Amino acid sequence: MLHTVNKSPFEKNSLETCFAHAKEGSAILLIEDGVYAAIQGSVFSDKVKQAMSTCTVYALEGDLKARGVAGKVIDGIQLVDYAGFVDLACQHDKVTAWL
Amino acid sequence: MSEEMMEGGGTIKKFCYINRKAPYGTVYALESLEVVLIGAAFEQDVSLVFVDDGVFQITKGQDTAGIEQKNFSPTYRALEMYDVEKLYVEREALEARGLSEEDLIVDVQVMSAAEIRDLLEEQDVVLSF
Numbered sequence: 000m001l002h003t004v005n006k007s008p009f010e011k012n013s014l015e016t017c018f019a020h021a022k023e024g025s026a027i028l029l030i031e032d033g034v035y036a037a038i039q040g041s042v043f044s045d046k047v048k049q050a051m052s053t054c055t056v057y058a059l060e061g062d063l064k065a066r067g068v069a070g071k072v073i074d075g076i077q078l079v080d081y082a083g084f085v086d087l088a089c090q091h092d093k094v095t096a097w098l
Numbered sequence: 000m001s002e003e004m005m006e007g008g009g010t011i012k013k014f015c016y017i018n019r020k021a022p023y024g025t026v027y028a029l030e031s032l033e034v035v036l037i038g039a040a041f042e043q044d045v046s047l048v049f050v051d052d053g054v055f056q057i058t059k060g061q062d063t064a065g066i067e068q069k070n071f072s073p074t075y076r077a078l079e080m081y082d083v084e085k086l087y088v089e090r091e092a093l094e095a096r097g098l099s100e101e102d103l104i105v106d107v108q109v110m111s112a113a114e115i116r117d118l119l120e121e122q123d124v125v126l127s128f
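Chains as they are written, first to last, in numbering that gives the first Met the number 0: chain P, 0 to 98; chain E, 0 to 128.
Bear in mind the hints are in silico, worked out from the structure with no lab data behind them.
Since the model is a prediction, treat every value here as computed from it, not as a measurement.
Note that beta-carbon positions come from the ideal geometry of N, C-alpha and C, so glycine has one too.
Misleading hints may appear alongside valid ones.
SDA-like mimics (lysine to any residue), calculated; alpha carbons at most 20 angstroms apart, straight line [claimed, not checked]:
hint : chain 1 : residue 1 : chain 2 : residue 2
1    : P       : Lys64     : P       : Ser44
2    : P       : Lys64     : E       : Glu79
3    : P       : Lys48     : E       : Ala95
4    : P       : Lys64     : P       : Asp74
5    : P       : Lys11     : E       : Pro73
6    : P       : Lys11     : E       : Gly60
7    : E       : Lys59     : P       : Gly70
8    : P       : Lys48     : E       : Thr25
9    : P       : Lys64     : E       : Ile17
10   : P       : Lys64     : E       : Gly60
11   : P       : Lys64     : E       : Val105
12   : P       : Lys11     : E       : Ile17
13   : P       : Lys11     : E       : Arg19
14   : P       : Lys46     : E       : Gly97
15   : P       : Lys11     : E       : Gly38
From the derived model, a few chain P residues whose C-beta atoms are all more than 12 angstroms from chain E [to be verified]:
hint : residue
16   : Lys6
17   : Thr16
18   : Ile38
19   : Gln39
20   : Ser52
21   : Cys54
22   : Gln77
23   : Gln90
24   : His91
25   : Val94
Take the sequences, apply the hints, and build the full model.
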């Protein structure tokens, strides 16, 4: 399954709820304010790295660049563009949006 | 209260704008900036406080070409032309987000939450975004 998270982890618990409900092998895509979870050295980076041990974590590059944090991304997070977002949606049988 | 009189007989109040939201996911940050500029146009004593995700409003290197929204971060650099020079950022908010003062697009004073609490007490008007 593909999970998307579009809220800042510092403001809402969408990311943590997603991590708690994503089965191993899932894809998790950070979009909009959700990309703030991708920053290296934040209070959430350890939780993201832990999720990366069982799931693949992606982040939308345009949203990272817009927010000035594209240079601070945790190693191993895969960057995708909008076409990559579409590819991920097509590759998985279901898409769940954690709003 | 610390109200001063202006030359024309008007009153100068201390206005503080608290910014707590990230810039592009919601419209709060842009709306706050509009109101700040209005306050400055009326020659009020304006302070801006950035806490929580508000610190993301002033990160360096924002490039919004990929999301088809206006990059309004350069406007924070223009605030000094409107005599808005009191920008305060909460240290705890920066640290939680893996950021430091060097990541910010404008000169700010980094303060603890306790110092910001005292700053708020000095204000005549506090507006929260």
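Status of each hint after checking the structure:
Restraint check for P:Lys64 and P:Ser44: the C-alpha separation of about 19 angstroms stays at or below 20 angstroms, so the hint holds. Annotation: proposed proximity of P:Lys64 to E:Glu79 is violated, straight-line Cα distance about 26 angstroms (limit 20 angstroms). Straight-line distance between C-alpha atoms of P:Lys48 and E:Ala95 comes to about 16 angstroms, which keeps the hinted pair within the 20 angstroms bound. Restraint check: the Cα-Cα separation between P:Lys64 and P:Asp74 comes to about 16 angstroms, which is no more than 20 angstroms; the hinted pair holds.
Taking the CA atoms of P:Lys11 and E:Pro73, the gap is near 27 angstroms; set against the 20 angstroms cutoff, the hint is violated. Among the hinted pairs, P:Lys11 with E:Gly60 is inconsistent with the structure: their alpha-carbon atoms are about 25 angstroms apart, more than 20 angstroms. For a cut-off of 20 angstroms, the pair hint linking E:Lys59 to P:Gly70 stands: about 11 angstroms separates their Cα positions. Of the pairs offered as hints, the one joining P:Lys48 and E:Thr25 is violated, with about 27 angstroms between alpha carbons and a cut-off of 20 angstroms exceeded.
Restraint check for P:Lys64 and E:Ile17: not satisfied, since their Cα atoms lie roughly 25 angstroms apart, outside the 20 angstroms limit. The hinted pair formed by P:Lys64 and E:Gly60 meets the criterion: a straight-line CA distance of about 8 angstroms does not exceed 20 angstroms. Under the criterion of a C-alpha separation no larger than 20 angstroms, the hint pairing P:Lys64 with E:Val105 is consistent with the structure, at around 18 angstroms. At most 20 angstroms may separate the alpha-carbon atoms for a hinted pair to count; P:Lys11 and E:Ile17 meet this at roughly 19 angstroms.
Restraint check for P:Lys11 and E:Arg19: satisfied, since their Cα atoms lie roughly 13 angstroms apart, inside the 20 angstroms limit. The hinted pair formed by P:Lys46 and E:Gly97 meets the criterion: a straight-line CA distance of about 14 angstroms does not exceed 20 angstroms. At most 20 angstroms may separate the alpha-carbon atoms for a hinted pair to count; P:Lys11 and E:Gly38 exceed this at roughly 31 angstroms. Interface exclusion of P:Lys6 from chain E breaks down, the closest Cβ pair being 7 angstroms apart, not more than 12 angstroms.
Here P:Thr16 stays apart from chain E, with its beta-carbon at least about 17 angstroms from theirs, past the 12 angstroms limit. With 12 angstroms as the threshold on Cβ separation, the claim that P:Ile38 sits away from chain E is violated: the shortest Cβ distance comes to roughly 5 angstroms. Remark: the non-interface label on P:Gln39 conflicts with the geometry, its nearest Cβ contact in chain E lying 6 angstroms away (cut-off 12 angstroms). The claim that P:Ser52 lies off the interface holds: its Cβ sits roughly 20 angstroms from the closest Cβ of chain E, which is beyond the 12 angstroms cut-off.
At the 12 angstroms boundary, the C-beta of P:Cys54 stays outside the reach of chain E, the nearest C-beta of that chain being 21 angstroms off. Listed as outside the interface, P:Gln77 is consistent with that label: its C-beta sits roughly 16 angstroms from the nearest C-beta of chain E, beyond the 12 angstroms cut-off. Taking the minimum C-beta to C-beta distance to chain E, about 22 angstroms, the non-interface status of P:Gln90 holds against the 12 angstroms cut. Its beta-carbon lying about 23 angstroms from the closest one in chain E, P:His91 satisfies the requirement of being farther than 12 angstroms from that chain.
Every beta carbon of chain E lies more than 12 angstroms from that of P:Val94, the smallest distance being close to 19 angstroms; the non-interface claim holds.
The structure fails hints 2, 5, 6, 8, 9, 15, 16, 18, 19 (numbered hints given earlier, in ascending order).
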